[in-house]
Structures are given as C-alpha cells and as structure tokens.
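Novice: Given next are the chains, with one letter for each unit.
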Amino acid sequence: MDIKQLKINYPNGINFLLTGVGGQGTILASNVLADLGMALGFDVKKAEIHGMSQRGGNVISYIRWGEHVYSPIITQGEADIILAFEKLEALRSIEQIRPDGMILINDYAIVPVTVSSGSSEYPDDEVIQESMQKFTSNTYWIKGKNIAEEIGYPKASNVVLLGALTALLEIDPKEVLRVIATRIPQKYYVFNEQAFDSGYKSIQNRSH
Amino acid sequence: MKRILSGNEAVARGAWEAGCSVASGYPGTPSTEIMETFARYPNVYAEWATNEKVGLDVAIGAAYAGKRAISTMKHVGLNVAADALFYVAMTGVEAGLVIVSADDPSMHSSQNEQDNRQFAKFSRIPCLDPADSQEARDFTIAAFDLSEQFDTPVLLRMTTRVCHTSSPVEVTEQQQQIPEKGKYPRNPAKYVMIPANARRRHPVIEERVSELSGFAENFPYNKIEYRNKSLGIITGGVAYQYAREVFPDASILKLGMVYPLPIELIRTFSESVDKVIVLEELDPFIEDQVRLMGIELYKPAKPLNSDYAHTKSIFPITGEMNSAIVRHAAYQAGLINIDVKQEPINLNVSLPARPPTLCPGCPHRSSFYVLSKLKVPVNGDIGCYTLGVAPPLSAIDTCGCMGASIGVAHGAAIAGDQERHVAVIGDSTFFHTGIPALINVAYNRSNVITIIMDNRITGMTGHQDNPGTGFTLQNQATTELDIEKLVLACGIEKVLTVEAFQVDVIEKTLKQWLKEDGPAVLITREECALLPSARKRYLPLQVTDQCNGCTVCFRIGCPAILKSEKLDPKYHRPLAIIDQELCTGCEICAQVCPRDAILFRDQVIALRKSEEG
Numbered sequence: 001m002d003i004k005q006l007k008i009n010y011p012n013g014i015n016f017l018l019t020g021v022g023g024q025g026t027i028l029a030s031n032v033l034a035d036l037g038m039a040l041g042f043d044v045k046k047a048e049i050h051g052m053s054q055r056g057g058n059v060i061s062y063i064r065w066g067e068h069v070y071s072p073i074i075t076q077g078e079a080d081i082i083l084a085f086e087k088l089e090a091l092r093s094i095e096q097i098r099p100d101g102m103i104l105i106n107d108y109a110i111v112p113v114t115v116s117s118g119s120s121e122y123p124d125d126e127v128i129q130e131s132m133q134k135f136t137s138n139t140y141w142i143k144g145k146n147i148a149e150e151i152g153y154p155k156a157s158n159v160v161l162l163g164a165l166t167a168l169l170e171i172d173p174k175e176v177l178r179v180i181a182t183r184i185p186q187k188y189y190v191f192n193e194q195a196f197d198s199g200y201k202s203i204q205n206r207s208h
Numbered sequence: 209m210k211r212i213l214s215g216n217e218a219v220a221r222g223a224w225e226a227g228c229s230v231a232s233g234y235p236g237t238p239s240t241e242i243m244e245t246f247a248r249y250p251n252v253y254a255e256w257a258t259n260e261k262v263g264l265d266v267a268i269g270a271a272y273a274g275k276r277a278i279s280t281m282k283h284v285g286l287n288v289a290a291d292a293l294f295y296v297a298m299t300g301v302e303a304g305l306v307i308v309s310a311d312d313p314s315m316h317s318s319q320n321e322q323d324n325r326q327f328a329k330f331s332r333i334p335c336l337d338p339a340d341s342q343e344a345r346d347f348t349i350a351a352f353d354l355s356e357q358f359d360t361p362v363l364l365r366m367t368t369r370v371c372h373t374s375s376p377v378e379v380t381e382q383q384q385q386i387p388e389k390g391k392y393p394r395n396p397a398k399y400v401m402i403p404a405n406a407r408r409r410h411p412v413i414e415e416r417v418s419e420l421s422g423f424a425e426n427f428p429y430n431k432i433e434y435r436n437k438s439l440g441i442i443t444g445g446v447a448y449q450y451a452r453e454v455f456p457d458a459s460i461l462k463l464g465m466v467y468p469l470p471i472e473l474i475r476t477f478s479e480s481v482d483k484v485i486v487l488e489e490l491d492p493f494i495e496d497q498v499r500l501m502g503i504e505l506y507k508p509a510k511p512l513n514s515d516y517a518h519t520k521s522i523f524p525i526t527g528e529m530n531s532a533i534v535r536h537a538a539y540q541a542g543l544i545n546i547d548v549k550q551e552p553i554n555l556n557v558s559l560p561a562r563p564p565t566l567c568p569g570c571p572h573r574s575s576f577y578v579l580s581k582l583k584v585p586v587n588g589d590i591g592c593y594t595l596g597v598a599p600p601l602s603a604i605d606t607c608g609c610m611g612a613s614i615g616v617a618h619g620a621a622i623a624g625d626q627e628r629h630v631a632v633i634g635d636s637t638f639f640h641t642g643i644p645a646l647i648n649v650a651y652n653r654s655n656v657i658t659i660i661m662d663n664r665i666t667g668m669t670g671h672q673d674n675p676g677t678g679f680t681l682q683n684q685a686t687t688e689l690d691i692e693k694l695v696l697a698c699g700i701e702k703v704l705t706v707e708a709f710q711v712d713v714i715e716k717t718l719k720q721w722l723k724e725d726g727p728a729v730l731i732t733r734e735e736c737a738l739l740p741s742a743r744k745r746y747l748p749l750q751v752t753d754q755c756n757g758c759t760v761c762f763r764i765g766c767p768a769i770l771k772s773e774k775l776d777p778k779y780h781r782p783l784a785i786i787d788q789e790l791c792t793g794c795e796i797c798a799q800v801c802p803r804d805a806i807l808f809r810d811q812v813i814a815l816r817k818s819e820e821g
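Residue numbers (the numbering used here), protein chains in the order written: chain A, 1 to 208; chain B, 209 to 821.
It is worth saying that the hints were derived from the structure and are not from the lab.
From the three backbone atoms N, C-alpha and C, an ideal C-beta is built for every residue, glycine too.
Don't take each hint at face value.
[As the list claims (entries may be wrong)] Sample of chain B residues with no beta-carbon within 12 Å of chain A, all distances over it, derived:
id : residue
1  : Asp359
2  : Asn648
3  : Phe679
[To be verified] Taking lysine-lysine and the DSS-like style, the derived pairs with C-alpha atoms no more than 30 Å apart in a straight line are:
id : chain 1 : residue 1 : chain 2 : residue 2
4  : B       : Lys719    : B       : Lys581
5  : B       : Lys716    : B       : Lys702
6  : A       : Lys174    : A       : Lys4
7  : B       : Lys702    : B       : Lys581
8  : B       : Lys774    : A       : Lys155
9  : B       : Lys774    : A       : Lys87
10 : A       : Lys4      : B       : Lys210
11 : A       : Lys143    : A       : Lys187
12 : B       : Lys581    : B       : Lys774
13 : B       : Lys210    : A       : Lys174
14 : A       : Lys155    : B       : Lys744
15 : A       : Lys155    : A       : Lys201
16 : B       : Lys581    : B       : Lys329
17 : B       : Lys771    : A       : Lys87
18 : A       : Lys7      : A       : Lys201
19 : A       : Lys187    : B       : Lys723
20 : B       : Lys210    : B       : Lys507
21 : A       : Lys201    : A       : Lys4
22 : A       : Lys143    : A       : Lys155
23 : B       : Lys431    : B       : Lys483
24 : B       : Lys483    : B       : Lys510
25 : B       : Lys431    : B       : Lys581
26 : B       : Lys771    : A       : Lys143
27 : A       : Lys87     : A       : Lys201
28 : A       : Lys187    : A       : Lys7
29 : B       : Lys693    : B       : Lys716
30 : A       : Lys187    : A       : Lys201
31 : B       : Lys817    : B       : Lys771
32 : B       : Lys431    : B       : Lys329
33 : A       : Lys134    : A       : Lys174
34 : B       : Lys398    : B       : Lys329
35 : B       : Lys744    : B       : Lys583
36 : A       : Lys155    : B       : Lys771
37 : A       : Lys143    : B       : Lys774
38 : A       : Lys7      : B       : Lys210
39 : A       : Lys155    : B       : Lys510
40 : B       : Lys744    : A       : Lys187
Please put together the full structure from these sequences, using the hints given.
Specialist: Written as structure tokens, this is what we have:
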C-alpha cells in the first residue's frame, strides 16, 4: 500500500501505543516508528516516560502520525494500534485502544516481582483474551520471543512485531528495514532483518 | 533541514547554534540528556558539576567572562541553586546566560511537582516556556539574545512531556560566532553584591521587569491565533497542545514568554473574544497575573466539583494534563459538550503491579537486607537505593531530598530519639550535598551511622560520571575522589570500606557499631550491576535439590528468584528457582540460604565443568 492508501485507511493519522518491560527494546521500536512516520511524510510526535528503575519496570511510549500532531500523549480510547511486547502489559494498556483498534501481542510473559513473591497472580491467557474482547476483536498474537530465539537472537522480538505490523499496514518492508538499519549497530543487522522477515511472513501466511 | 529531536536534544542543539560554549549542570530526570547531548558538540566545554548550585555558579563565572553559558537541572535542582539564581538576577551578566529548569508535573520521578515559573517571578528574570522540540530549540536561541539585550539571566522552563517528546525540528548547521569580550569585568558596583551596591541594583532589576514586559508585547513567540471568537484561551507551554486538541476552533493567545507578561496584548485579546479562559499546567501562574490586570475570566455557571476550585478556575492544579483531562474539565465548566454515548469502556480486572525494583545483582540489596533484619530507623536519600523502601526489604523510613539523609538522622539523634539512627546515601548524592551534613555529624558529635553506598556511578539517571569515577562528562581521565580519606578528613574516626555483596561482613560490622557510641561511616563498594564492566561478570546461579521452600531467599526481593511450580514433598511449599536470564551471580541469595541450596559462582563453574567432562 502506498502512503495515499494509508491516509485513506487512517484519515486522521495513526496513534501507536507501544508497551513492554524495561530491556525489551520498546524504545528502539518506538524510534523506528517515529523515523518511519517522518519518512512517510507525516508530522510526528513520540513521547516516552523514563521511569524510576533502569530494569524491570513497565515502559510505555506513544507515537503519533498525522497531518499536524498536537498532544504528545494518547489517552483512553485514542490508540489506533497497540504493540505489546509482553502479555500483562498488553492488558494494562487495553483501555487506551479505540473501538476495534488493532493489537499486536508478543505471546510472552515476564513475571513481575509482585507475582513471584506470591502477593498477586499473573492472569491466565483466557482472562487476557476475554478482557481484550470487550475492547476489540482485532488482535494478533505473535510468537515473537520464540521466533527471535529460533533465529538465535532472543532480543529481537521487538523487530519481529515490527515486521508483523509492516505486513498488516501494507507498508513497503524495504522502507521499514532501511529505517531499522539506521537505528541499530551494523553487526546486528542480519539478525534483525531475519527477525523482521519472520514477523512479516507470520502475517502473510495467516491471510493466504 | 529537519531532524527528529527530543525536547532535551533540541535545547542542546539550540545552545550550540547560539554559540554557547560552556555548560555545567547536575543530572536529574527529566533534564539529564541536555548535558549529555551538548557535551558531544564540537568546540564546547561541558561538565557535570557536583551539584546544581555549583553548576550555576560555574555558568555564571563563564558568562561574566564573556562566554555564552548554560546551566541545566531538574526543577528541585533549582532549589539547591536558588542562592546563585538570586544574586545573578541582581548582577546581570556580560554574555548570555540560560538556566534550564526541567519541571516534572505528575512527579514521574520526583518528590514534588513545584512550578518553577514562580522562580522567574520571585527572582525577577524572564521565563520562556516551550511547547515542543522546535520551540525548545528556537526559545533557547532567543533566550541567549534576550539575556544579553536585557543584561539578565533567562529561565528556560521545560516540563517532562516537552523534554521527553521527540518531534521534527528545523535546524541550521551554522554555529553563531560570539565576539571575544575584553578582560574579566572589574566592575564591583555591578558584580560585588555588598549591601550598598545591592541597594542600587534592586531598582535596576525592577525597571528591567517593566522593560521586559514592554518587549513582550511584540516578542514574536507571544502570538495570537484568531479563529472563532466566542472563546479565547490564554495558554503557554505544553498546555497549548491540549488547547489545540480539545478546542480546535477557539482563538488562542500563546505565550512563549510566561514572565513578565505583555499586558496590552492580553487586554486586546481578552476584549476581542466573547469569553476568555486560561489553560496552564500546575499553578495558576498566568491566571493570577491576568486577574490582577483586572481582566474578567469566564466563570462556570455552577461551582466545579473539585477540591481545589478556589485556587484555579477550571483546570486541575495537580498533575500533568492530557486531552482527556482538559476535555473533562471543559465539559464540567460548560465550555464543550461530550457525546455521552462514547463513554470509554473500563477493564475492571485487577492486574499485578510491576513496580520499579532494585535490579537483579544490585549492590545496594545486601545492606537493605541487613538493615531490615536489624529493624533500625533508616533515613534514606535520592537515588536508585530509595527503592529499598519497597517490600519485601521495606528498609527506608524517611526520604525527602538530595543529601537529606545524614542531617535528618543527626536531628533525630540529637533530639534524643531512643533508637540508633542510620543514614543511607549514594556516592553521587554524598558528593552533591552529603558532605556538609557529614561534617556536621562529626562536628556536633551525634552517634549517627552513615552508610555510603558507592556503586561507582550516578545510577538512577542512567550512568553519569561523578567525582568518584575518575572520568569527566567529556570522557577525560581525572582525579578519583577517595571517599574514605574524605570521610576521615570530615572528622569521622570510625570508617570501614567493605565489598557490597558481603552480607555477613556488613551485618557483623553494623551489629558491632550499634553496641558502640559515636559517629561511624560504612562504605559499601561495588559497581552498579548494569555497567558494561559488571555485565561481563554475569554468571547465573542455580538452586539444588536441597531447597525445601523455606522462603528466606525471597526476602531479599530479587526479581531473579522465582517461586517454581514444584512443591517441597514434606512442607508443600513452592521451591525456589533462579531465572537464568535475569540472574547476575551476585551471590546474596546463596549467602542467606540457610540450607546451602543455592550454588555459589565457583560451585556453578565446577558443576558445569563436571557436566561437560
């Protein structure tokens, strides 16, 4: 799809919400989406909160593409697309999705200390799926972590999801890979390209 | 050409383009990246100062010496630097001086949400308040010009959302050439603030405020956008973005300079619209001044359902805003209608929290484990180690601001509190404001035990060098401060440096010291587990079948120790398991395990060898 078609499908631009746990590459993915939006000719804002801890806390960033973007933040019911790198965090952000918005979820759990210490329980997959259903049925579960591990680069589940997103938005994958290449050290590019392709194909194989 | 820059990167860019060549500041979220970015530009000097007051003094000295200079800090840093702010407001400068205060509405990583626009009014200096990255760059350049034109420091007030939001910025590749000034000023009437001179300077700076207010009438970043004239909004900073989002058709007076205000411009705007409101985050800073001008603001027909309605007319005084908050408040005030059919759906499922915790392998963990066992009152400080307050360690009882731990512990001790008081402070925070407090403990002889947690870096803000690391911000090798010698020189005779992971040594030492009288300092040393050199030593530990689920290792609060699904056959308690991706091999859990069921690093290596063999 070219940019014109993207603008027909999303006349007011696209609000992305990215969520994950520190260390999962949420910031890298949001940098790629911000650069990509600019390359596609949109006005862009990318907002993130650098929290209290360096590792283990929740990381959220917002990327907005549009004709002219004002607010840097997305609030309840305003996200067109959520990219969640962890299942619990997907659910924690679900109220932000607009009715029938699209959610891509990495099928992977990182257990928080409140669960490992026994003071609360990690929600079952059924609970997560049922809760999400209230908001949208447009959900894509992706084995991002498994795919990245098969490639031999377990950190790349963020790029697997970017590949899947590229296929769903029907953006030229070459354009996205070009942006990714500017954001990562060259020696890791091959792994990232493989991760991206696997994510891209995981969507294509579904629809055919 | 356009680049995508965060607000912080844009300030650094603007400073460089403006020919600023000296920067001094102290790290603090959300300001830190300004200095980190600026330090990488060519032909500039940038340093981490020991604290914000020193940083501002340094920038002032550079501006006196004729170099454009910038000093950066988080909002509470300006409290520390306030003494310097007030004298430089009086003296003025030779070359442009910009003070950046990064405020933190909603306290994403701060102890309060003070509104530092107030400092501009308090000290009589102009304040610019950018709304996005482009303005952050443009206003920084304008601030240097303004500083020189009016012989005043300028406050560039940022907020978290502007600091940490990235958007396209038009930049130039040209750095302004600042003409060389003559020699250092010998002008005591202006630069020596003895009372006689200060009395002559005060009317000068009051007059300067009037002149600046006149200048503000035509300042290009104060601008009116006329649209529909039934509603007019006076706004500044990031609140402008929410005004455009929620009231796309309203007329707007956007104030780039929020102090001093352009009185005629505000009057003209207010008279040309049917009703006028002020939309700003935190304090009613603009609102109060507009009211004092005798301008009548729109009043909601019925009083708003808010605890603070007496302080601010429509929008909340607490927390940062977003479109939803602004929309809701505007709806309540009768300014807009909301389609009730589009009420958002709520999740209604309670989810496990994912609170920030001390990282796996954090060298602070062992001290907090011991302190929580000893049950002594612990006065904490600002840094990663504040997380020692979280369960299961729950080892911090007070924490207020940078450097407070030692003074507060001393105060409790001399007040005759029956328990023995401990102060806990990190290396960088100790250098920042801990040293005078420790001298005070020695000088005034209280029996405070101070633990200096030396993790060889400024951790919380993302690994900045400090006087203990042996490197500067621009990566020059430098002298490495010897904490133990410094503590001795402060007059503390009982000092011990230990390896931070040695639980038994820390416990034995503290137990002994608690029996003795007099001040003492324990330095626990081990580099932050996230430093590249520490990462090279990661070696995940393992739990053996000796584990019977006794739960002692869970009490250290390490995210790498999990409850497995296997139960102990005798007690039916979940056995411990170690996450092989998270564990760094710090051995704190292995030391506290009463059954020796967690292998130490040597044992893990031996086991691996035997498995391979």
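Novice: Does each hint hold? Answer for all of them.
Specialist: Quick rundown of the hints versus the structure:
1. Asp359: holds, 35 Å
2. Asn648: holds, 29 Å
3. Phe679: holds, 20 Å
4. Lys719/B x Lys581/B: holds, 11 Å
5. Lys716/B x Lys702/B: It holds: about 15 Å lies between the C-alpha atoms, which stays within 30 Å.
6. Lys174/A x Lys4/A: At roughly 18 Å apart (the allowed maximum being 30 Å), Lys4/A and Lys174/A satisfy the hint.
7. Lys702/B x Lys581/B: The given pair, whose Cα atoms are some 23 Å apart, holds under the 30 Å limit.
8. Lys774/B x Lys155/A: Distance ~29 Å between Lys774/B and Lys155/A Cα, so the pair holds.
9. Lys774/B x Lys87/A: holds, 24 Å
10. Lys4/A x Lys210/B: With a Cα-Cα distance of about 22 Å, the restraint between Lys4/A and Lys210/B holds, given a limit of 30 Å.
11. Lys143/A x Lys187/A: With a Cα-Cα distance of about 24 Å, the restraint between Lys143/A and Lys187/A holds, given a limit of 30 Å.
12. Lys581/B x Lys774/B: Since the Cα atoms of Lys581/B and Lys774/B sit roughly 28 Å apart, the hinted pair holds (cutoff 30 Å).
13. Lys210/B x Lys174/A: holds, 22 Å
14. Lys155/A x Lys744/B: The given pair, whose Cα atoms are some 18 Å apart, holds under the 30 Å limit.
15. Lys155/A x Lys201/A: holds, 19 Å
16. Lys581/B x Lys329/B: With a Cα-Cα distance of about 49 Å, the restraint between Lys581/B and Lys329/B is violated, given a limit of 30 Å.
17. Lys771/B x Lys87/A: holds, 20 Å
18. Lys7/A x Lys201/A: This hinted pair holds, its Cα atoms lying about 24 Å apart.
19. Lys187/A x Lys723/B: Answer violated: Lys187/A to Lys723/B is near 58 Å, above 30 Å.
20. Lys210/B x Lys507/B: violated, 43 Å
21. Lys201/A x Lys4/A: Given that 30 Å is the threshold and the Cα spacing comes to 24 Å, the pair holds.
22. Lys143/A x Lys155/A: OK: Lys143/A and Lys155/A at ~13 Å, within 30 Å.
23. Lys431/B x Lys483/B: holds, 18 Å
24. Lys483/B x Lys510/B: holds, 16 Å
25. Lys431/B x Lys581/B: violated, 61 Å
26. Lys771/B x Lys143/A: holds, 25 Å
27. Lys87/A x Lys201/A: holds, 22 Å
28. Lys187/A x Lys7/A: violated, 35 Å
29. Lys693/B x Lys716/B: holds, 23 Å
30. Lys187/A x Lys201/A: Holds - the C-alpha atoms of Lys201/A and Lys187/A are around 23 Å apart, at most 30 Å.
31. Lys817/B x Lys771/B: holds, 27 Å
32. Lys431/B x Lys329/B: holds, 21 Å
33. Lys134/A x Lys174/A: Violated, at about 35 Å.
34. Lys398/B x Lys329/B: holds, 21 Å
35. Lys744/B x Lys583/B: violated, 35 Å
36. Lys155/A x Lys771/B: holds, 24 Å
37. Lys143/A x Lys774/B: holds, 26 Å
38. Lys7/A x Lys210/B: holds, 22 Å
39. Lys155/A x Lys510/B: violated, 55 Å
40. Lys744/B x Lys187/A: Holds. Lys744/B to Lys187/A sits at ~19 Å (cutoff 30 Å).
Hints 16, 19, 20, 25, 28, 33, 35, 39 from the list above are not met by this structure, while the remaining hints are.
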